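Assemble chains B, C and D onto chain A, guided by the hints.
Given next are the chains, with one letter for each unit.
4 protein chains.
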Amino acid sequence: MRPSPFGSSKVPVAVLGATGAVGQAFVRLLAVHPWFELAEVAASERSAGRSYAEATRWIGDDEIPPRVAQLTVLPCDPRSVRSPIVFSALDSGVAGEAEAAFAKAGRAVLSNAKNYRMEPDVPLVIAEVNPDHLDVLEAQRKNRDWPGAIVTNGNCAAIAAVLPLAPLQQRFGIRNVFVATMQAVSGAGYPGVASLDILGNVIPFIRDEEPKVEAEVRKFLGHRDGDRITDASLGISAHTNRVPVEHGHMVLMSVQLQKKADLAEVIQTLSQWRGAEEACGLPSSPDRPLVLADAVDRPQPRRDVDAGRGMTVTVGRVREDPLFDVKLVALGHNIIRGAAGASVLNAELMAATGRIELP
Amino acid sequence: MRPSPFGSSKVPVAVLGATGAVGQAFVRLLAVHPWFELAEVAASERSAGRSYAEATRWIGDDEIPPRVAQLTVLPCDPRSVRSPIVFSALDSGVAGEAEAAFAKAGRAVLSNAKNYRMEPDVPLVIAEVNPDHLDVLEAQRKNRDWPGAIVTNGNCAAIAAVLPLAPLQQRFGIRNVFVATMQAVSGAGYPGVASLDILGNVIPFIRDEEPKVEAEVRKFLGHRDGDRITDASLGISAHTNRVPVEHGHMVLMSVQLQKKADLAEVIQTLSQWRGAEEACGLPSSPDRPLVLADAVDRPQPRRDVDAGRGMTVTVGRVREDPLFDVKLVALGHNIIRGAAGASVLNAELMAATGRIELP
Amino acid sequence: MRPSPFGSSKVPVAVLGATGAVGQAFVRLLAVHPWFELAEVAASERSAGRSYAEATRWIGDDEIPPRVAQLTVLPCDPRSVRSPIVFSALDSGVAGEAEAAFAKAGRAVLSNAKNYRMEPDVPLVIAEVNPDHLDVLEAQRKNRDWPGAIVTNGNCAAIAAVLPLAPLQQRFGIRNVFVATMQAVSGAGYPGVASLDILGNVIPFIRDEEPKVEAEVRKFLGHRDGDRITDASLGISAHTNRVPVEHGHMVLMSVQLQKKADLAEVIQTLSQWRGAEEACGLPSSPDRPLVLADAVDRPQPRRDVDAGRGMTVTVGRVREDPLFDVKLVALGHNIIRGAAGASVLNAELMAATGRIELP
Amino acid sequence: MRPSPFGSSKVPVAVLGATGAVGQAFVRLLAVHPWFELAEVAASERSAGRSYAEATRWIGDDEIPPRVAQLTVLPCDPRSVRSPIVFSALDSGVAGEAEAAFAKAGRAVLSNAKNYRMEPDVPLVIAEVNPDHLDVLEAQRKNRDWPGAIVTNGNCAAIAAVLPLAPLQQRFGIRNVFVATMQAVSGAGYPGVASLDILGNVIPFIRDEEPKVEAEVRKFLGHRDGDRITDASLGISAHTNRVPVEHGHMVLMSVQLQKKADLAEVIQTLSQWRGAEEACGLPSSPDRPLVLADAVDRPQPRRDVDAGRGMTVTVGRVREDPLFDVKLVALGHNIIRGAAGASVLNAELMAATGRIELP
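Chains as they are written, first to last, in this note's numbering: chain A, 85 to 443; chain B, 85 to 443; chain C, 85 to 443; chain D, 85 to 443.
Think of the hints as simulated: they come from the structure by calculation, not from any bench.
A couple of the hints might just be wrong.
Copies of the same chain look alike in the list, so a pair counts if it fits in one copy or across any two.
Calculated lysine to aspartate or glutamate pairs in the DMTMM-like style (CA-CA distance at most 25 Å, straight line) [as the list claims (entries may be wrong)]:
1. 198 to 405
2. 198 to 381
3. 344 to 175
4. 94 to 441
5. 343 to 203
6. 188 to 216
7. 343 to 441
8. 188 to 146
9. 198 to 349
10. 188 to 349
11. 198 to 161
12. 344 to 121
Since we're looking at a predicted model, the values are computed, not measured.
Bound conformation, chain A alone (with noise of 0.2 Å):
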């Protein structure tokens, strides 16, 4: 692993919405990083001032990190909570001006809320995928009169989806590509889906979640353009259903690809693949960002939604598709490479690239 480009000390950073599902997840992983030092906690108004333990239902089968359950819980004010790195984990109805807030009072924001994804100046990052759409962060700058910045993680689905498309889309580009995802109520946040609703069932739909996919996924494999992230132009549908499983995304796709090539160059592609060399080495990176499952019926969520800590993507079934030229499956933990460890290793990402100026 990569020594920390902050050398000794490690550099506080601040969790926003740290008492929700996501939130949770971003103390889980901070609590022991060795760059990072969690050193506040924000969440509504309605928590600040209690403690971390008392303000926060924990729903993992650990305990809070002992530490951090005694950190005061802080209004989500960039007066208040001063760490030069700051974790969203905002709900979407409170992340737009907050972020923007944290920005403007020179913070690096990594937010795994919806609002700014689709902003031309924002990066919205995969470590391994995109990690020079970070250089737009110049433009946004600029365009916002921010010193601090804002970079985005996707949508879990779309990340699991993108993870598996980003060689294909390298070696041979994506013409169109079917997406049909069956996602774990985790994704949905806590309580998030009642248990009436789904216990021996199936949910096909979830608000907002198709239109994010198909935009997402054309950002992430877009390319910057001048000042600008500039959409892939592959076309996309999905079909996105909730189903009765904890942890994981599945993503079903079936692409076309632009360049032809047989079944045995795409699953060379994406056993190669390795992503991006600066993404390599970071403390949250995995092996490898994608593996494929050998046995004809993986990935499954319960079975590999922990490959690679979280941060692997399972890949099965790659085969001939009838309509397009191949079809496959993918499984990603949705809350940790879906939201919290993708924002962590975007964080070290920028970090090790040296896009994080310490005050």
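The following block gives chains B, C and D in isolation, referenced to the frame of chain A:
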């Protein structure tokens, strides 16, 4: 409901493979049928000679119909089973030989097995969709020298897919269709899927299912071409998955039409479709073979599977598809509409159209 | 079924708290009731003024009864709600005051809330078990100066426990009973239990449930003692648990009898019991309040919960107990027999026994 | 951790019945064991001769340990299997004869099968609870003329019950105990419970389980009486149930003590108990055999089953019992603490106490 073509006395019928999950569904439907009298049950040698109640691990929430419980299980042989109409829920390992023996012995065989489905002179029929495919029976008799006949219903997921595709094919023509399924565990029979494999999980693989769905959809939507059925020329790709749901297969589809249509026309076409006239008013016909769900998050297996006593396919989320023309979700009861109910309806159709001659 | 004590015209009734899970069950039962006409629905201020369809997240697999869907939701106040019979599915936070106001206004209040259940002058009634407890209403009217009345049904798990205990108490007397429950998620209302908490899990704690079960069982099995109900003197200990089941509370019990009995006598007593005569033949009475399951592995929630349209408690595995005398398993539908159906049956009982005076 | 009694070289061990669910757990534990070397795997004739990878439907979320994957499966016969220590995960149908043959051939047999558990000269051991029961092995050798020995672990639910009962028995004595279980599907092996039977359901019956739990608890808590183990004289009644949970048996208990104790003493006793000294510091010993959960709604299977790498029993809700003295909930990992881990720990205990002689 139409009067019985057999007049006031019921016609004796038999169920082959009566002890399994689909066999039990046949028993349930036929025990109260207005035209047919369930006179004989047959199963493997292991069960033969015992009472149906002893031989069967009944899996419903009801009781075995008392009269059937006392029937002695017969071997699956036309010398033992004497009924002129025979419903087959046999495993494909034995169905091929057994069903042929019954057809050779002059019986009308309504089969749920896959063995003969793709033979060009064997009708694969959904009563409301392609009743005219029964006309190929004449060629079947001639080709095979069978005084009887074999008529098949399709794979449970294929049937749920075809019902909403049929009106679109009839009015607009279908060029291409993407299909992704989320299928209930009862589709694998009993004991079928181990709970350790599926609790809180999804399995993205069902052996042999995808080619079956792809081939059968083309045949269902095909046309009679003299002595044989010719497949529809549409392109199709299927992703099939198992989910922790008791009954009801969900089918997600993106459809490319031959003749362009706006969304309103598609919705109108689906909502007005009543199926072939000869299939209306039969004892097992639902009021409507297709129903459009109002709510944005329906159909759902647990809430909609029993629509039309399991014979109605519920369709929802009809919307524009960014790649093809339209996408939608369909739900069918895999055991009723997708298996036993389909065969019973086919038998009623044959009887009502004079295709069953009694000895 | 008995003729309506009100003659040919139906009596208007209201449901308070009509939008919640139990309120919806009341609506379902009362929409088709032969004696009562569901004339009014009431709920919190937030819902009042909207149509019932707009105000309600309907959670069944059926449609809202069309006539009810159009009713305007009223505030829970006797000045707005005019029906002489009022069913209360109110939360305990508001039920205390609201129900008293209705009783004071002369209405018969059939309450599912816990607030008054343990008052000595408020009958806690299962129609087949302790209809005579209604005699305490005279004292209630006197004590409280209520021209109306409050009659309560019990906790959903307590009711499922009491139905098999009642015949044993009546014939042998009960000295002690151990109770362990496995309760469905619908017992917590909607949205109730978060799927993240219960998928593939068991929660061994339901707030306030154990004391409720222990106290209510004693009161149900107690007797009227002049102006008050005196608890049965039996000992009882309850363990209550939540399991990932949609509907149906399972109750495991070990029972020590006062008068020794052999197993055959116990089984005979349970199987022959039909409940109090005045509760027979009412519109909501099941054919049999208790049914003994034949199979060794029954009752099971998914398979037996709807017995007697949800009003029959299914009992199984009646066997000798190595410590006490007998042990058994009982299953009751928590929403029907354990809540809405219980109150409707109580109202029918009151009407049939002349305890409801119309204005 | 204690040093190996065998010095620096590992002792070869074998697993009988290595392909099943418990056999796989043995493989997982022994593949990385500091004292033992998993040298041989054996299974039924059907599997013998194939590689372990080919013969096994591996059900974990990990990979088969690579070295074990390549082992050739042997028949379950002491002429083929040569290891001096043998772990048996055999079905009871074959365990009786096979295990005796190994004992006769001088091997130490650590058995998970039920066949010999209740023999008075066969120790039924939980290392932390009754290590002294191993002293009966001398009599076993004499009685049966076995140069080797059979030592059994118990039923998975019995073990989870005994761990919290043991400190109470030691300090206060136990007069009576009520037990109700909610057991995971993995307790039935693989494929085990059919998903159609258990999804959204509870099955209140596990064949032969209740008498096993009742008898084994008495033996575990009994004492050596010369040449035999004499059961504890406590009364016990068990209700055993299957629930839709992957791993982890929940055990609800109401306990009547011989010597009265207040709740604080009971809680202190449970929280301070560390088990028998000879069982401490063994490779498979957890830090603590019992842990008291803090939260009022714990333990829960999904959240607590892996405590102490599956070897810790988590206890919660210790409270006064209205009928007996105290009630509580315990959770144990049925495959680890309740099966394979228990036997491995027993083998370590035997080795550490000089009860295994190598050839």
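Q | Earlier hints that do not hold, by number | A | Those not satisfied are hints 3, 5, 7, 8, 9, 10, 12.
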